[in-house]
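J.: As a plain string of letters, each chain reads:
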Amino acid sequence: MKTILNKLGNNRGFSPVAISLWIAALAGLALFPQFVDNPYALHVMILFFLSTIMGESWNILGGYTGQYSVGHAAYFGVGAYTTMMLMQYRQIPPWLGMWAGVAVVMVVALVIGSICFRLRGPYFVLASIAVAEIMRLCAVNLKDLTNGAEGILATEIPPFKIGATVVTDFLSKVPFYYIGLSFAVLTIVATMLVQHSKLGYYFQAIREDQDAAHALGISLSFHKNVALLLSAGFTSLAGSFYAIYVGFIDPPTVLALDISVQIVLICIIGGIGTIYGPVVGSLVLVPLSEALRSNLIAQGIFKLGLASEESGVGVFLKENLAHAHALIYGILVVVVILFMPDGVLGFARKLFTARNRGNA
Amino acid sequence: MAIFLQSLISGVLIGGVYALIGIGLTIIFGVMRVINFAHGDLMMIGMYLTWNLFQYFHMDPFMSIVVGIPAMFLFGGLLQKVFINRVLGALPQNQILLTIGLGLIMSNAVMLVYTSDYKILTTRYSSDSFKVLQSVVNPDKYERLYDKGNALVAEALAGKGGNAAELLAKADKKYEEALKVKPGQFRALANWGASLASLARLRQGEEAAALYARADEKFAAAAAIEPGDIDILCNWAIAYASRAATAGPGADSLYEKAYEKFKEGEEARPDSYDLFNAWGATLYRQALIKQGAEADRLLAAAWEKYRVALDAKPVEEGAEPVDTEALANKPPAEIRAALDQVYGKFPFAPRLKPDKRDAGISVSTPLAISFVITVAITLLLYWFLMKTDTGQAIRATAQDREAAQLMGINVKRMSILAFGMGASLAGTAGALVSPTYYIFPQIGGTFTLKAFVITVLGGMGSILGATVGGIIIGVAESLGAVYISAGWKDVVVYVLFLLVLLFKPSGLFGKSRV
Amino acid sequence: MGAILEIKHVSKFFGGLAANSDVSFELAEGMIMGLIGPNGAGKTTLFNCITGYYPPSRGEVIFKGRKMNGLEPNKVCKLGMARTWQKVRPLAKMSVLDNVMVGALCRTNSLKVARDIALEQLKVVRLDRKADFLAGGLPIGERKKLEVARVLATRPQLLLLDEVMGGLNPAESEEIIQLILDIKKHGITQMVIEHDMKAIMRISDRIVVLNSGEKLAEGSPEEIVANQAVVEAYLGSEH
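Protein chains in written order, with my numbering: chain A, 1 to 360; chain B, 1 to 514; chain C, 1 to 239.
A few of these clues could be false.
Calculated pairs, BS3-like style, for lysine-lysine (alpha carbon to alpha carbon, straight line, at most 27 Å) [stated by the list, open to error]:
#1 B:290 to B:330
#2 C:75 to C:93
#3 B:290 to B:345
#4 B:345 to B:263
#5 A:350 to C:130
#6 A:198 to C:75
#7 C:78 to C:93
#8 A:198 to C:123
#9 C:78 to A:198
#10 C:185 to C:78
#11 A:318 to B:119
#12 C:78 to C:64
#13 B:290 to B:263
#14 C:185 to C:75
#15 A:143 to B:489
#16 C:93 to A:350
#17 C:87 to C:123
#18 C:112 to A:198
#19 C:67 to C:78
#20 B:330 to B:345
#21 C:130 to C:87
#22 A:198 to C:130
#23 C:64 to C:75
#24 C:93 to A:198
Label pairs and their calculated CB-CB ranges [stated by the list, open to error]:
#25 C:178 to A:16: 43 to 49 Å
#26 B:8 to A:299: 53 to 59 Å
#27 B:177 to A:149: 49 to 55 Å
#28 B:464 to C:30: 53 to 59 Å
#29 B:464 to A:142: 34 to 40 Å
Calculated from the structure, these hints are not laboratory results. From the three backbone atoms N, C-alpha and C, an ideal C-beta is built for every residue, glycine too.
All chains, please: the whole structure from these sequences, using the hints.
T.: Okay, here's the thing in structure tokens:
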């Protein structure tokens, strides 16, 4: 296990072990829908992919470059809105619209970057929140453009055709599964490529010490903006994917501060600045919140006999645990920050190295 | 001018509460260099605390701060000791996330207990307001007198204080003076007439007759300016009707005069609820002093008018609905019983129609009280920080933590004090706005953001800055809501925030950026 | 040899306070210049003005005949002028090798080339055995060496060293002195801020003395030792 963790965390090169693990994981995920046709299982997997894309995207800017944006909802939301508006008002199919979304988001990101990157530390965080809030309020108030607080409902997703052949008509969850999977793999691979490049070194240098990096020949504004463009672009893809999958967006679901915080949480819980941190974070958060939402946890507690379903505690749990996922998020964040500031992944690594030393 | 002053004053008042929130955040930041993202949630806790004290112990929300301040202080100190203290040396982003996590726990725990429904804390004075600066806003002497007269009549008709006659007599004088300044004003004449008729109802004999005669005169003068004005005609008719009620044998001719006016009104507007309602009531009144077929005829006519009124507007809230269709062909006795219900309590009071122009600046009473408390607390806080040893130790810690430690200041204790103070200020702000705001678990978020804007505007760590910043944000919001739109007012605030961050990052009162 | 760096009437004000006022001197190529002065004399401020950390309020900084005022630090570094920091700034969560590679990437886009340069520089400062350690975990002496290796990897022509011997024991200081003399052999011009007088006298070809932001004296180490004004500034006038 230790060697696997080390290989996974290795910054340089790809070991045969890592490559075979990758192939096995990809094959398993690709075949998953062939064996499992339970729509709920597919739904959870799609949410997992979405969460991974969001986390990995933020990680490029927040984890590697150290620019703690708490305003990524802006990119998520603008991507989602662009795709949906193009689809509903201009009949542009979403697999084209989402790239338009990426383009729009990148322009928005450049504007936001030019404002926020003049600031550092907590001031940067506050500015990123303010800018995202401005975007949300614009979506609420520009009713002619965005339909305001009512949001946009996708009436119909046009089937995806190449030439005359219909590739998929998006009637089941399977096509969404594969789109989510490929985007997740795309963002992970992109992050790996970045990490193993000059860009990755420069991003990390900026994260560690901006002034030192500046004096070593690194242009701060250029590299921060590059990190932001990458990060925002992928976040926009996640937003568009979400919009098409759910079929409805409004300002609170795609542009609210909650979304920004949630994106950061995925990375914090998994471990920021690592390739697999967001994956681990999603593996923790998505099943947890789904289990809470569908009352699986309450039922588990009853099955284990920890509380009776009819008792006062049981009734309270059954009624409330479903709404408690945000509460659990909060508790998770506090626990992670206090006891494992490097996230689950960092914690696990520390645990294994400690045990290894004990053995030696 | 009036609108500007109105929004300026409301802005300053709410700004006082914002200042409290901002001061709390800035003290925490100053002493610990931690940006508290759970600040709005602390305020929300304060709101719920106040709501509970009000709901279960009937404690006035403004009085409840006596309980709230120490309770929130303990809560904040505890948070600091158990959680915040552990991340003081950590990366700023980890501190931020910790406080975000604590905020999530607070708001969602409250949601589990109280659900996410809006709670409303309604006090006796929740929607009260009073007027200030009438003479400043209303430099025109006629308008001032006219407004004063209207206000007096409105007060008298609302039945507050039991000195209606006195108020109406004063109003009489005001209208008279107003019309001396500017003769021939339609509204002043119309309202003067109405007020004289109301006063006449409260008097007897000769005095009443004289007053009715004067009212008649005023109505006539007003009607000459605007013939066919429905309100005049309605009030005029009501004046005749109420005079007829006390006139004895001469009643019939007075009723006839009233019907004349109603008919004129009908010609001008055949579908006025007020007019037909009053008409029906008048007919019903007259029927009460008649017998036999005459009475039946009047009752049937009253019934007709009432049905027209109902067609114009559905039954007023609170009144018993009458099944008009079912009653249409019933014997007079049943119709009469139904009309008893409807017109039994008909007031026969004239209705005032002041111009659509609000004189003076309206100040919400709860906001005004909260502003006064805010000022008192802020002064107390200044005194504490400037004059007491503990206050000076807190300021020293804020200036230079390490130096303070070297000088023998118990920095940990100061941090607990600071967080406790921050929490109780936020909680107090929550208590102060609870009579005017909806209370729900997620309300904290907006206030957290506002608190940041305020402290950055004033300069992180500066108490004076937070005070002024709070007022500025209150005013900017209020003016933004009026002159741009309510939906965009927050955008105004955020843009202001970004501008300050970019061009004066140390804030208006901050010395240097940290 | 011509002057690689010319400082012309440089002043720097913070609010109303002058941290540097009207400082002028020239630095000949291949030389080591010592920059000394009591605490608060404005030595680090001058470094900051020269390397573009902030622009001088007045005056000019001319490097290789080119005016540098207003250039950002990264451009300054690209042009061949690199600096270390008085308080070391390791990229704490990156390995020692990665730290030096970041410096090396200033001149190359290839990670492989950068790695070779970095390993070579680590050998020069004798940190190659610790290449895979996290930079944040190094003891202070090694952090100072890492700092030097990192700037050397940017292939500078002019190196500004800000108290690289501060906080080191005599053996470590001696190592750094040898390192500085080695660097000189490679033809790299150096400007050194140092508090250790013995060391600065040993390594410097020329010395500039700053006091209260102004240039107090300039000359060879022998001349400086003999300068009455310098002695007073350092020891106080009562001696």
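J.: Evaluate each hint against the coordinates.
T.: Each hint, compared with the structure:
1. Of the pairs offered as hints, the one joining residue 290 of chain B and residue 330 of chain B holds, with about 20 Å between alpha carbons and a cut-off of 27 Å not exceeded.
2. For the proposed pair residue 75 of chain C and residue 93 of chain C, the alpha carbon gap of about 25 Å is at most 27 Å, so the pair holds.
3. Of the pairs offered as hints, the one joining residue 290 of chain B and residue 345 of chain B holds, with about 19 Å between alpha carbons and a cut-off of 27 Å not exceeded.
4. Taken as a hint, the residue 345 of chain B and residue 263 of chain B pair is honoured in the structure, with Cα atoms around 23 Å apart against an allowance of 27 Å.
5. A threshold of 27 Å between alpha carbons decides the hint, and for residue 350 of chain A with residue 130 of chain C the separation of about 20 Å falls inside it, so the pair holds.
6. Taking the CA atoms of residue 198 of chain A and residue 75 of chain C, the gap is near 17 Å; set against the 27 Å cutoff, the hint holds.
7. With a CA separation close to 25 Å, the supplied pair residue 78 of chain C and residue 93 of chain C stays within the 27 Å bound.
8. A distance of roughly 22 Å separates the Cα atoms of residue 198 of chain A and residue 123 of chain C; the hinted pair therefore holds under the 27 Å criterion.
9. For the suggested pair residue 78 of chain C and residue 198 of chain A, the alpha carbons sit about 16 Å apart, so the restraint of at most 27 Å is met.
10. Restraint check for residue 185 of chain C and residue 78 of chain C: the C-alpha separation of about 22 Å stays at or below 27 Å, so the hint holds.
11. For the hint pairing residue 318 of chain A with residue 119 of chain B, the CA-to-CA distance comes to about 24 Å; that is within 27 Å, so the pair holds.
12. Distance check on the hinted pair: residue 78 of chain C and residue 64 of chain C sit about 13 Å apart at the alpha-carbon level, within 27 Å; holds.
13. Between residue 290 of chain B and residue 263 of chain B, the direct Cα distance comes to roughly 22 Å. Compliance with the 27 Å bound is thereby established for this hinted pair.
14. About 26 Å separates the Cα atoms of residue 185 of chain C and residue 75 of chain C, which keeps this hinted pair within 27 Å; it holds.
15. With a CA separation close to 16 Å, the supplied pair residue 143 of chain A and residue 489 of chain B stays within the 27 Å bound.
16. For the suggested pair residue 93 of chain C and residue 350 of chain A, the alpha carbons sit about 15 Å apart, so the restraint of at most 27 Å is met.
17. About 23 Å separates the Cα atoms of residue 87 of chain C and residue 123 of chain C, which keeps this hinted pair within 27 Å; it holds.
18. As the CA atoms of residue 112 of chain C and residue 198 of chain A are separated by approximately 10 Å, the hinted pair is consistent with the 27 Å bound.
19. For the suggested pair residue 67 of chain C and residue 78 of chain C, the alpha carbons sit about 14 Å apart, so the restraint of at most 27 Å is met.
20. Between the alpha carbons of residue 330 of chain B and residue 345 of chain B the distance comes to roughly 23 Å, so the proposed pair stays at or under 27 Å and holds.
21. Simply put, residue 130 of chain C and residue 87 of chain C have alpha-carbon atoms about 21 Å apart, close enough for the 27 Å limit, and the pair holds.
22. With a C-alpha separation of about 22 Å, the suggested pair residue 198 of chain A and residue 130 of chain C falls inside the 27 Å cut-off, and the hint holds.
23. Taking the CA atoms of residue 64 of chain C and residue 75 of chain C, the gap is near 14 Å; set against the 27 Å cutoff, the hint holds.
24. Our distance criterion of 27 Å between C-alpha atoms is met by residue 93 of chain C and residue 198 of chain A, whose separation comes to about 17 Å.
25. The given range of 43 to 49 Å is respected by residue 178 of chain C and residue 16 of chain A, whose C-beta atoms sit roughly 44 Å from each other.
26. Our hint of 53 to 59 Å for residue 8 of chain B and residue 299 of chain A holds, since their Cβ atoms are close to 58 Å apart.
27. Take residue 177 of chain B and residue 149 of chain A: their Cβ atoms lie about 51 Å apart, and the range 49 to 55 Å holds.
28. The hint said 53 to 59 Å for the Cβ distance between residue 464 of chain B and residue 30 of chain C, and at roughly 56 Å that hint holds.
29. Hint check: residue 464 of chain B to residue 142 of chain A, Cβ distance near 38 Å, so the stated range 34 to 40 Å holds.
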